[in-house]
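Asks: Chains A and B are the protein sequences, given in the same order.
For the first sequence, this note's numbering gives the first residue as 35, with consecutive numbering after it.
For the second sequence, this note's numbering gives the first residue as 8, with consecutive numbering after it.
These are computed hints drawn from the structure, not numbers from a lab.
Every residue gets a Cβ at the ideal spot worked out from N, C-alpha and C, and that includes glycine.
Check each hint, because a few of them may be wrong.
[Unchecked claim] Residues from chain B that face chain A, not an exhaustive set, calculated with beta carbons under 10 Å:
1) Y20
2) D87
3) N94
4) F99
5) P108
6) E121
7) H149
8) G156
9) G157
[Claimed, not checked] Chain B is nowhere near these chain A residues, computed Cβ spacing over 10 Å in every case:
10) S43
11) T179
12) D180
13) L338
14) T360
[To be verified] Below, computed lysine-lysine pairings styled on BS3-like, alpha-carbon distance capped at 27 Å:
15) B/K42 to B/K201
16) A/K36 to B/K39
17) B/K39 to A/K427
18) A/K39 to B/K132
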Amino acid sequence: MKLSKLIRSGIRNLLINKMRTGLAILGIVIGIGSVIALISMGESSKKAVQSQIQSIGSNLLTVSPGSQSFGGIRSSSGVKTLTYEDAQAIETSPKVTTVKNVSPEYSSRSQVTAGRNNTNTTIVGVIPVYSEVRKITLSSGIFITDQNVMAISKVAVLGPTTVEDLFGSNADPVGQSIRINGKTFLVIGVTKSKGGSGMDNQDDRIFIPLTTAQKQIFGVKYLSSIALEANSESVMTKAQNEVGYLLLERHKISSVTDADFRIMSQSDILAAASAVTSTFTTMLAGVAAISLLVGGIGIMNIMLMSVTERTREVGLRKALGAKKKTIIFQFLIESIILTFTGGIIGIIIGVVGFFIYAKLNNSTFTVSINSILLAFLVSAGIGILFGWYPAQKAANLQPIEALRYE
Amino acid sequence: MGVSLIIQVSHLYKIYKTDDMETVVLSDVSLKINKGEFVAIMGPSGSGKSTLMHILGALDLPTSGTYFLDNQEVGKLSDDELADIRNRKIGFVFQAYNLLPRTSALDNVMVPMEYAGVSETEQLKKAKKLLEMVGLSDRMNHPPNKLSGGQQQRVAIARALVMDPAIILADEPTGNIASAQAEEIIEIFQKLNKDGHTIIMITHESDIAEHARRIIHIRDGKIVQDGNDHKQRLIKESYEIIKTN
Chain A
35 MKLSKLIRSG IRNLLINKMR TGLAILGIVI GIGSVIALIS MGESSKKAVQ
85 SQIQSIGSNL LTVSPGSQSF GGIRSSSGVK TLTYEDAQAI ETSPKVTTVK
135 NVSPEYSSRS QVTAGRNNTN TTIVGVIPVY SEVRKITLSS GIFITDQNVM
185 AISKVAVLGP TTVEDLFGSN ADPVGQSIRI NGKTFLVIGV TKSKGGSGMD
235 NQDDRIFIPL TTAQKQIFGV KYLSSIALEA NSESVMTKAQ NEVGYLLLER
285 HKISSVTDAD FRIMSQSDIL AAASAVTSTF TTMLAGVAAI SLLVGGIGIM
335 NIMLMSVTER TREVGLRKAL GAKKKTIIFQ FLIESIILTF TGGIIGIIIG
385 VVGFFIYAKL NNSTFTVSIN SILLAFLVSA GIGILFGWYP AQKAANLQPI
435 EALRYE
Chain B
8 MGVSLIIQVS HLYKIYKTDD METVVLSDVS LKINKGEFVA IMGPSGSGKS
58 TLMHILGALD LPTSGTYFLD NQEVGKLSDD ELADIRNRKI GFVFQAYNLL
108 PRTSALDNVM VPMEYAGVSE TEQLKKAKKL LEMVGLSDRM NHPPNKLSGG
158 QQQRVAIARA LVMDPAIILA DEPTGNIASA QAEEIIEIFQ KLNKDGHTII
208 MITHESDIAE HARRIIHIRD GKIVQDGNDH KQRLIKESYE IIKTN
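Kindly generate the complete structure, drawing on both the sequences and the hints.
Replies: So this is what it looks like as structure tokens:
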């Protein structure tokens with residue numbers, strides 16, 4: 035029997051009971067739609083995290099203070115272990131050959147006001163090389179200079195988010211003043227947007243000279259981190275070792291396990307972040323898969339009902355010469371039409387749903403072709419899987435029994 | 008023209024077994040039908056005539072005994088081979104018409120040809136020709152629920168003929184039809200028989216059976232009378248009436 039004819043008669047049969055067919059399709063629509071939408075959301079947040087981390091620079095090593103441990107007792111004073119002298123030593127020591135730039139940093143949150151507006155943001159004390167190490171570019175004005183650092187100047191470079199918060203969108207605040215912790219700062223520059231959102235927003239920052247941050251604003255002598263730019267990506271591990279042993283020596287620590295600092299590369303951070311997002315994606319996909327399974331059971335239910343209702347028809351078709359194969363095919367085609375239609379509508383709804391999500395969250399809208407292909411195959415597969423048993427049941431009916439069925 | 012055997016049934020038994028009971032539905036039935044015959048099988052309900060017809064129609068298999076249809080032993084075939092036999096050698100006409108609902112008369116007639124893999128143009132040509140022959144050329148695109156009982160049965164007859172079967176099996180073909188239309192259906196069968204078709208008809212109405220050239224009486228699973236000669240049977244029946252009186 036010709037496929038086109040089978041499909042046509044399949045559609046005709048499904049249209050007899052529109053409500054039932056519609057509900058069966060709805061189950062698949064919800065399943066496939068949520069698979070597409072949730073996987074896309076997971077993928078896009080993964081990409082967002084990756085691009086955010088990569089935008090910071092791939093040759094980047096970050097030295098951060100870590101708590102020291104003495105025989106199982108952890109000292110909480112560990113956050114104060116990094117100093118400006120450590121940073122200088124890394125830069126000048128002949129033992130460190132693979133590090134190009136050293137950027138000592140101190141960052142902390144603080145209240146900032148400009149006129150009537152105020153915001154709570156991250157204040158980063160930096161030296162000029164920060165812009166090179168962290169790949170910062172300016173949209174207007176200039177970055178912190180060596181003179182600013184030496185003179186402990188009250189100058190600030192704003193990130194675009196803080197500009198918006200303090201001066202309104204599209205304003206150029208260069209030349210205006212802001213108040214950080216009650217002290218007046220002159221705005222000398224604005225950085226270009228790096229994207230990103232949430233906790234680790236690269237644009238929600240105010241940069242001031244490191245000396246000003248330590249002495250004038252926060253009153254501390256230590257650093258919160260030292261960013262290092264290695265000569266190239268291939269010497270990252272070597273740089274990590276060189277800096278690590280130098281700091282151990284300076285801090286008079288003999289064993290690596292007792293180190294009071296951590297050195298992380300971007301790839302370490304990337305791996306950790308990716309692990310988190312992929313767990314998230316897998317969980318979402320799992321939830322979606324369960325709804326797809328429920329949809330599939332719905333299809334099986336409908337097809338079993340259909341087989342029972344059409345027992346006489348099956349008997350007649352067998353009497354007229356239909357082989358087992360033909361009957362199986364007839365019923366399988368119907369369940370595949372159901373799941374396929376549901377799959378297509380589900381893909382559309384999933385993509386549209388994800389589009390709305392992306393618009394609302396300002397995240398990138400990229401639908402992976404893979405997830406669509408997968409959804410397509412899965413929906414057809416569900417049709418075959420859950421249609422098989424009812425089709426088999428129909429094909430195994432004895433013709434006389436079936437013809438007698440009332 | 009030599010007479011060729013189309014159906015040969017020897018010592019056929021059909022026994023249904025349940026846990027503690029055995030029901031003998033057909034018992035030692037032997038039967039020969041030649042090509043071109045018009046046979047009526049008669050018997051009261053429960054006599055086994057329907058079971059016999061199911062076996063003759065390859066819808067059911069005997070418990071023992073042999074059944075040759077067109078020189079092929081039906082009892083030894085697989086499910087799919089049986090389907091093929093039903094498709095090519097047997098044309099069914101049922102009491103309840105058994106047309107596919109919501110499907111046009113034309114499409115209904117084409118169903119057996121679809122299973123046989125006949126080309127679509129050939130299917131259309133043949134189905135149209137047969138529907139014209141049974142007098143339904145103006146009703147080809149009507150679904151069964153838009154046709155009268157007689158018209159539905161004529162569609163079923165057209166469907167039974169599309170594969171040029173060796174035999175036409177009709178199970179109470181006029182059972183659901185008003186008598187005027189029933190007459191028309193019988194006329195079609197007679198015409199088909201005249202054209203050389205072998206027809207086996209099951210009925211319990213003797214006036215319908217009268218139209219056949221041979222009547223087989225079946226009772227309690229046994230053939231009690233196989234009357235080749237219509238007149239001889241009439242004499243016999245009247246003799247029995249006299250005897251019982």
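Asks: It remains to establish, for every hint, whether it holds in the given structure.
Replies: Quick rundown of the hints versus the structure:
1. Y20: 17 Å, violated
2. D87: 5 Å, holds
3. N94: At about 2 Å, which falls below the 10 Å cut-off, the nearest Cβ of chain A leaves the hint on B/N94 intact, so it holds.
4. F99: Status holds, d = 6 Å.
5. P108: 8 Å, holds
6. E121: With Cβ-Cβ at 5 Å, under 10 Å, it holds.
7. H149: This interface hint is violated because 16 Å lies over the 10 Å limit.
8. G156: Violated. Min distance 17 Å.
9. G157: Violated, because the Cβ-Cβ distance from B/G157 to chain A comes to roughly 20 Å (cut-off 10 Å).
10. S43: At roughly 8 Å from the nearest Cβ of chain B, A/S43 sits no farther out than 10 Å, so the non-interface label is violated.
11. T179: Given that every Cβ of chain B is farther than 10 Å from that of A/T179, nearest at about 85 Å, it holds.
12. D180: Consistent with the label, A/D180 stays out of reach of chain B, its closest Cβ about 88 Å off (over 10 Å).
13. L338: 20 Å, holds
14. T360: 6 Å, violated
15. B/K42 to B/K201: Judged against 27 Å, a Cα distance of about 12 Å means the pair holds.
16. A/K36 to B/K39: Violated, because 39 Å separates the two Cα atoms, which is more than 27 Å.
17. B/K39 to A/K427: 37 Å, violated
18. A/K39 to B/K132: The hint holds at about 17 Å.
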